[in-house]
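Two chains, two frames, some hints: make the complex.
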Amino acid sequence: MTDNEGYLLLSLPLIPLGAAVLLMFVPSGERTLIRIVTGVASVAMFAISVYVFFAFDYRGEQFQGVLAWPWFENVGFLGDNGVQLKVGVDGIAAPMVLLTGIVILTGTWVSWKQEHRSKDFFILLFVLVAGVYGTFVALDLFFWFLLYETAVLPMYLLIGVWGSGRREYGAMKLMMMLVAASILIFTAIFGIFTEAGLGTFDLPALFDATYDPTFQKIMFPLIVLGCGTLGGIFPLHPWSPDGHAAAPTAVSMLHAGVLMKLGAFGIIRLGFQMMPEGGEFWAPALLTLGIVGALYGAIGALRQTDFKLMTGFSSVSHMGYVFLGLGTLNLIGMSGAVLQMFAHGVMTALFFLLIGALYDQSHDREITHYSGLAKQMPVWAVFFVIAGLASFGLPGLSGFIAEVHIFIGAFRAYPIVGGLAVFTAAITATYLLRMFARTFFGEADPRWSGVGEITWAEKAGATVLSISIFALGLWPAPWIDRIAMGLEMGIPEVLS
Amino acid sequence: MSDLNFEYGLLLPEFILVGSAAVVLMLDAFRADLRISRNLLPAITVLGALIAGVASLLYLDRDPTDFAQLIAVDHYTTFFRILFIATLVAIVLGSYEFVNRNITHQGEFYALLLASTIGAIYMAAARELLTAYISIELLSFSLYVGVSLAKNDTRSGEAGLKYVLLGGVASAMLLYGLSIIYGTTGSTTYEGIAAALEDGVVGTPAFLLGLAFLVGGLGFKASAVPFHMWTPDAYEGAPLPITAYISATSKAATFALMLALFGIALDAAKADWQWMLASLAVATMVVGNLIAIQQTNIKRLLAYSSIGQVGFMLMAITTVSDASGSALLLHLAGYLITNLAVFIAVIAFYNRTGSEEIEDFRGLAETQPYLALVITTALFSLSGMPLLAGFVTKFVLFQAAAEEGFLWLATVAVIMSTVSLYYYLKVIRQMYVAEPADGDSRWRLSPIAYLTTGVLFLGIFLVGLWATPIFEAADGASAMLFG
Numbered sequence: 046m047t048d049n050e051g052y053l054l055l056s057l058p059l060i061p062l063g064a065a066v067l068l069m070f071v072p073s074g075e076r077t078l079i080r081i082v083t084g085v086a087s088v089a090m091f092a093i094s095v096y097v098f099f100a101f102d103y104r105g106e107q108f109q110g111v112l113a114w115p116w117f118e119n120v121g122f123l124g125d126n127g128v129q130l131k132v133g134v135d136g137i138a139a140p141m142v143l144l145t146g147i148v149i150l151t152g153t154w155v156s157w158k159q160e161h162r163s164k165d166f167f168i169l170l171f172v173l174v175a176g177v178y179g180t181f182v183a184l185d186l187f188f189w190f191l192l193y194e195t196a197v198l199p200m201y202l203l204i205g206v207w208g209s210g211r212r213e214y215g216a217m218k219l220m221m222m223l224v225a226a227s228i229l230i231f232t233a234i235f236g237i238f239t240e241a242g243l244g245t246f247d248l249p250a251l252f253d254a255t256y257d258p259t260f261q262k263i264m265f266p267l268i269v270l271g272c273g274t275l276g277g278i279f280p281l282h283p284w285s286p287d288g289h290a291a292a293p294t295a296v297s298m299l300h301a302g303v304l305m306k307l308g309a310f311g312i313i314r315l316g317f318q319m320m321p322e323g324g325e326f327w328a329p330a331l332l333t334l335g336i337v338g339a340l341y342g343a344i345g346a347l348r349q350t351d352f353k354l355m356t357g358f359s360s361v362s363h364m365g366y367v368f369l370g371l372g373t374l375n376l377i378g379m380s381g382a383v384l385q386m387f388a389h390g391v392m393t394a395l396f397f398l399l400i401g402a403l404y405d406q407s408h409d410r411e412i413t414h415y416s417g418l419a420k421q422m423p424v425w426a427v428f429f430v431i432a433g434l435a436s437f438g439l440p441g442l443s444g445f446i447a448e449v450h451i452f453i454g455a456f457r458a459y460p461i462v463g464g465l466a467v468f469t470a471a472i473t474a475t476y477l478l479r480m481f482a483r484t485f486f487g488e489a490d491p492r493w494s495g496v497g498e499i500t501w502a503e504k505a506g507a508t509v510l511s512i513s514i515f516a517l518g519l520w521p522a523p524w525i526d527r528i529a530m531g532l533e534m535g536i537p538e539v540l541s
Numbered sequence: 003m004s005d006l007n008f009e010y011g012l013l014l015p016e017f018i019l020v021g022s023a024a025v026v027l028m029l030d031a032f033r034a035d036l037r038i039s040r041n042l043l044p045a046i047t048v049l050g051a052l053i054a055g056v057a058s059l060l061y062l063d064r065d066p067t068d069f070a071q072l073i074a075v076d077h078y079t080t081f082f083r084i085l086f087i088a089t090l091v092a093i094v095l096g097s098y099e100f101v102n103r104n105i106t107h108q109g110e111f112y113a114l115l116l117a118s119t120i121g122a123i124y125m126a127a128a129r130e131l132l133t134a135y136i137s138i139e140l141l142s143f144s145l146y147v148g149v150s151l152a153k154n155d156t157r158s159g160e161a162g163l164k165y166v167l168l169g170g171v172a173s174a175m176l177l178y179g180l181s182i183i184y185g186t187t188g189s190t191t192y193e194g195i196a197a198a199l200e201d202g203v204v205g206t207p208a209f210l211l212g213l214a215f216l217v218g219g220l221g222f223k224a225s226a227v228p229f230h231m232w233t234p235d236a237y238e239g240a241p242l243p244i245t246a247y248i249s250a251t252s253k254a255a256t257f258a259l260m261l262a263l264f265g266i267a268l269d270a271a272k273a274d275w276q277w278m279l280a281s282l283a284v285a286t287m288v289v290g291n292l293i294a295i296q297q298t299n300i301k302r303l304l305a306y307s308s309i310g311q312v313g314f315m316l317m318a319i320t321t322v323s324d325a326s327g328s329a330l331l332l333h334l335a336g337y338l339i340t341n342l343a344v345f346i347a348v349i350a351f352y353n354r355t356g357s358e359e360i361e362d363f364r365g366l367a368e369t370q371p372y373l374a375l376v377i378t379t380a381l382f383s384l385s386g387m388p389l390l391a392g393f394v395t396k397f398v399l400f401q402a403a404a405e406e407g408f409l410w411l412a413t414v415a416v417i418m419s420t421v422s423l424y425y426y427l428k429v430i431r432q433m434y435v436a437e438p439a440d441g442d443s444r445w446r447l448s449p450i451a452y453l454t455t456g457v458l459f460l461g462i463f464l465v466g467l468w469a470t471p472i473f474e475a476a477d478g479a480s481a482m483l484f485g
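Chains as they are written, first to last, in my numbering: chain A, 46 to 541; chain B, 3 to 485.
Certain hints may be false.
Listed next, the in silico BS3-like pairs over lysine-lysine satisfying Cα-Cα at most 30 Å (straight line) [to be verified]:
| # | chain 1 | residue 1 | chain 2 | residue 2 |
| --- | --- | --- | --- | --- |
| 1 | A | 420 | A | 158 |
| 2 | A | 504 | A | 420 |
| 3 | A | 164 | B | 428 |
| 4 | A | 504 | A | 164 |
| 5 | B | 428 | A | 218 |
| 6 | A | 164 | A | 218 |
To be clear about the criterion: a stretch of chain A counts as covered by chain B if any three or more of its residues have a C-beta under 8 Å from a C-beta of chain B, and this derived list gives those stretches [unchecked claim]:
| # | segment |
| --- | --- |
| 7 | 115-122 |
| 8 | 195-209 |
| 9 | 217-230 |
| 10 | 236-243 |
Derived from the structure by calculation, the hints contain no laboratory data. All C-beta atoms, glycine included, are put in the ideal place defined by N, C-alpha and C.
Chain B on its own, in the form it takes in the complex (with noise of 0.2 Å):
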């Protein structure tokens, strides 16, 4: 064990990161002493998170390499490095103006945000077990409180403590069919996993056990059915910004993880776990878009529409290859810019009416036409209509499940796209076609908010028209789990 590398310089972005939450809660602490201005603690969040994203390119010449066998620093890591480090910024600068209003305890969200984005980095990086999990709790912590930090909302204490509780029970299903795959394989790192599968343990009952309680701890981080119960209750009482960043960097990060896991670990039993995961993904598709066509909140309508995302991402976990690996990257990527850019719009719409109801969306069109069109664009695109990121992205992770011989869930998965397509039009018809309520005139948007959203809805446009690069990226990193 003694040519393990311990350069601490590979791990530079999150000591970066962790430093900035360090002083963000510091001057958050002080703050009335010194006298400094709210908007500082923002600014100095996304400022750290623009350095660690520039430290992070650093490692894009240098050969794969890994920190004491526990966190990998080669292309999959810097691909999520940046995806979570600029969701971060956006979700920062797009939600300053709601946290102003709406959050007493600023200082803790700002470093809650930039603790939670170290822990899904992590998930990302670990090829150990053990890693894994301290990513994924570091993350599910920060995102605890982070859910119960709306404290005029009585739904958010609600929603924090029924998150809480049934993310203790995720957990330890999850630490337990863990430690049943180290007690039968031998090892916690993936390698060490990988190998003594070749030996021989696929197939027995101890390490399918331990397996089913891998797939239902991690299938409830990722919010597959049936372990999504706490998705659309956590999505409500969340504070917009935290239901966002739960279901952009929380879920891609899941993914992250997943990924690694069952490539590289995992992947010699197949057999095993294939069918399970085939199964939650179609119920996650299923369930998730047929219950969002009741819902009349777009918070929960979000929360439902985001479970149905799920499943279509359970697929490429499914098949798990270096087609699928890519495929899903770069779906990640599309499913973050749109999620985040329907987010950020409807904060930017609840800034002004303090309202979440999809009713009050109505006439959106004529009072405020940007914003109504940013949200239908993220919208189509979610539904996976063309010209938009969520075409080409789905049909790349679509077109590879097929290529692995699953084309029957790629059929399903086109379907429940189409059933989705449905309840988003009817977000789309109160912004359109209804009227404006009485008395609604035209109101103006803040420079910022203009700002994120324009970015992220060219964004939308880009990766739909000139994927190239991002695919080209996330093939770079897809190599780097399966050779």
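One chain only, chain A, in its complex shape (with noise of 0.2 Å):
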């Protein structure tokens, strides 16, 4: 990737707000323009995101497609290059702005047939995805921070308006603790910035600084808590399957898809990368933390009767495993972690998906209410047995290739941690045919008679997710070189 295509990246945050302030401008009863500039939006973003990550030169440079604009530069207590507005992806990078880039494309999709104040509700949308993308992009840790909290300021109004269930309770619970979390990452922020002393904000200068071994022990703690909260590590999780509950469709899969690996990406960014022995120190604890999430979730998800509160666990444990691959310091356990953060994303968010074509038309999430869903249903029984297959690790599909690297990489941390990660992923197993068992086979309920297949836009997008699922399940090169390389020259003093 040359450094002019730093423009496609500065593009990606912008198009969706864009499209936001478009939006504002567009007579809320106009239906068909609202589709067509949030339809034209998602496909540049996502035609943008797959061009990224296929021109990101796995023997390149560390960061590509660098480009800065000065923003403020030698005033107050800021020194040259004070903050920046500066873009760039390196190979962990990515693979997240692909992923993000399925994601919002089927998202927008499937929100189309939002009714209540659906402009408003794309505005909103849109403006998250703006956050991600360019947390994802910002190599400024100034704007990186003001992305990361953009995607977490619309979440309020998204699970409150248009959620269901509990969802002021969700909204409140999610936005308090994941802003509560940030007063972390301020802190951490406020402290590397003094400690660096460069009197700037950008990222690749701030890696390069030292610092010193203490403070380094202090802060790294905060990071992993301040960002862990948003990628849902234990125990910080609780706002993850009451919100993700609550949400509607689209934001549940962003927000599960995508979202939470901002936090995981921040672990990365501001922690490994940024303070490295400071990691080596709590690898440990980060380790144990992720796979004492992976199977807390994953008894969560046992015990849960309600699809969404269910998925949402499943969210908590498939995200303790990328803690746990992190925690374990190694080239392959630490790959895994990144892959699993895309092949969560994408298995995740054609659950959330298919759970919301069935809500939609049912208004009911009791697994236990549903019996012989699979003969009224068969396409939408179809994905779904694809995404739960990519959940428990079926080889072939995405969700294989990522487990398989964080359980070598776990064994060869820990053996016992190695095999700890195994059994959770037959407890995932266990609650994934336990539900198919339940709903899809049987007598079909005369209650759901009026549930028919899915929309022909759910089925699109049910498609892409699949075909991204198959994609990483069964070509995973382009992937894993990609992340190997950003991984081997972002944390080279980790890598044992």
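In structure tokens:
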């Protein structure tokens, strides 16, 4: 990727922002126009994301597509290059950009049937996406954090206004927990800037700066807990099941699919890349939280009878794998963590899409209330099985590639943890197969005779997500090359 | 003393403001005879303010100078002249409908606003203790009357009385503090005090006593905890535009004065007052934000939230330095824009509904989506959410404190900022999540309300996304104090 292609990276957050501004001027009743604007924007984002992913050269520079514009320079406590609008991706960010493109494309399609204040919904959704993209491509700490917070900002209204069930409770809990977690990140950023003493928020410069080992040991946990909350790290995960259960379909998709990855991404960027020694010191704790979260989420999911709550707990479990992988401190385990971020993203987006498709017709999310759905909705059932099989790591699907990396990494680091991780996968298989058995087979329940097959938009979205699941599962090389390169160049000190 | 500079031209913008105030008062007195429209008074006020604003720009290219060593005319003064005059214009434009309906003494209303703006400007520009004191009193007296202008509301008179009594005590405290500082240092000019401090006044009991009275008096004017008791009542009782004015200009002027006083005059005595201000800052942030949670009246909510905001600003005075000075000025600019947006939107809401209860905002997103958007944006900005002014200015402000070794204070500030999000969300919840009351239908805003809120709304985004020009201006202004 050449540096001039940085304009493409810049366009990733700007397209959704521009579309959001454009939508403000579209009359609320013009549903076709709203669809055109959002459709064009989502396709453009998807196309650029795919291009960025494949154009990223895993034999090239660490950061590619680097462009910078000065923002604040030599004012106040800031020196040269104080705050810049700086974009660029590395091997870790490139797959995340692709993931965001896939999820927003499909999320936009399934939201078209949203009738209630659909314009406002899309405005907020696109602001959220702009924040997500921005965090992945920003190479300036100030903008990184600004955009990270931007991704959280619209959540309250998205869930509170368009959600279902205990939406007000879920929205407030999610918002306050995430913003409270940001306190820790704020503190860490203030500390890092002062400790580096460079007068700049330039990320590569801050990566190269040296920090006192004691300082690193104090600040690293702040990043892990602060960013980890958004990533659903145990025990700071309680917002996740409630928030996801209450959120509307596309928001659940984006939130579980992409936003939670921002948390893990933050731990890599601000944690390991910035403070490798702190990372080495705290890695066992991170690994422990990861495996506990994985087990806890899986057991929690086992107990749930609500589709969305079950998927919410399953997300906590799968994100636990991510933290587990990061805590192994070896290349294969950490690559697995990043792979899992991608794999879980597409898989969980597919889950939420399908659950939303069912819920919109039946307005019931209680698993025990259903039976024989496979006869009524065969296409829906097929996609659901794909998502489920990917979730517990069937070979040939995305989940397998990610989990096998993490398991090997875990066995190398601490064999017992590897064993527990495999055990977790078995629990995952249990709750998913039990759900399939209960809802798909048996006599069709007359209560749901009105429930029909999913719409074309939903089929299209599910197809795109399924293709991604198969792509990573069958041909993982493009992902592994980029991720391994990103890790080797980004955190050489950490990898054992 | 013969080389004092008595160039009256340096004070031109304030002469224009005084002139406008006089014209407004006279026209109001003879309004019945001259048969002039009521809209003429706000028009003259705005026009006078705009001319004064243009006149302030004339000093941009001049070297920093002063008037008789009392009043500095430099970038710092120009920064606040522009800021306060812009605030005045916004408040007059945003409230003239309100004034037409609710205020009987309109000439006084506009003349008082003009006069208090002069007081505010000289609070920033003063480089001598008595000048500073007189400027504070000019601002305060105008506001004592302003608070009690809502004659049809009994709360207004009560608030006015409370404000004037407590304000008198605070003034006495301040004056006593100033006199002790004069007694120990032998000078009333900031530079004279700074020079005297070099000679070992620092740390003597008398000087400490003077500092304590000074901090208490200024703390009252800034409504810092525990000197904040007047604030909620004054906010609630005052007519809305005056409330807006107190929360904007009066607050910013106090901080402009404190920054100059502590930065120039008392910098050498940092060890003596830093702990006082740090503890005031913590108490103010914590108490203001926690009590705000329980409020059900929008004016009281904003009163307590503004107390919380004062805590953040006190942090910059605590860590006074060139960097925190420019951060404070940037924050003040962003805070004024945001706060005015909330208040003018609330004024527009009050014009329509006559209510100040947070409950009555329910369903505003359905009945007046534009206003709901403005209020939501401004509240999110006050709580420091990104893309908006609050994020950038608070980030810079807190980072500046951390740079000076006060990371713990910055952390307390971020925590309290998060608490503030909670009570702002309660208002936002009413507007967006709750359904409108039965019978409420869509209503329209007046064009002028659209205009003022629209400009401020864009301003919030402008500062949030491209604060560079303001930050550079703030940096240039702050450099005047710290050389």
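Hint check:
Proximity of residue 420 of chain A to residue 158 of chain A is assessed by CA-CA distance (about 24 Å); at most 30 Å being required, the pair is judged to hold. This hinted pair checks out: residue 504 of chain A and residue 420 of chain A have alpha carbons roughly 17 Å apart, not beyond 30 Å. Between residue 164 of chain A and residue 428 of chain B the alpha-carbon distance is near 23 Å, which keeps this suggested pair within the 30 Å criterion. Between residue 504 of chain A and residue 164 of chain A, the direct Cα distance comes to roughly 23 Å. Compliance with the 30 Å bound is thereby established for this hinted pair.
Taken as a hint, the residue 428 of chain B and residue 218 of chain A pair is honoured in the structure, with Cα atoms around 13 Å apart against an allowance of 30 Å. Between residue 164 of chain A and residue 218 of chain A, the direct Cα distance comes to roughly 25 Å. Compliance with the 30 Å bound is thereby established for this hinted pair. Figure legend: the segment 115-122 of chain A, annotated as covered by chain B; annotation consistent (5 residues with Cβ-Cβ distances under 8 Å, at least 3 required). Proximity of the segment 195-209 of chain A to chain B, defined as three or more residues with a beta carbon under 8 Å from a beta carbon of that chain, is established by the 6 residues found.
Given a C-beta distance limit of less than 8 Å, the hint that chain B covers the segment 217-230 of chain A holds, as 7 residues qualify and 3 suffice. With 3 residues having a Cβ less than 8 Å from any Cβ of chain B, the segment 236-243 of chain A passes the three-residue criterion, so the hint holds.
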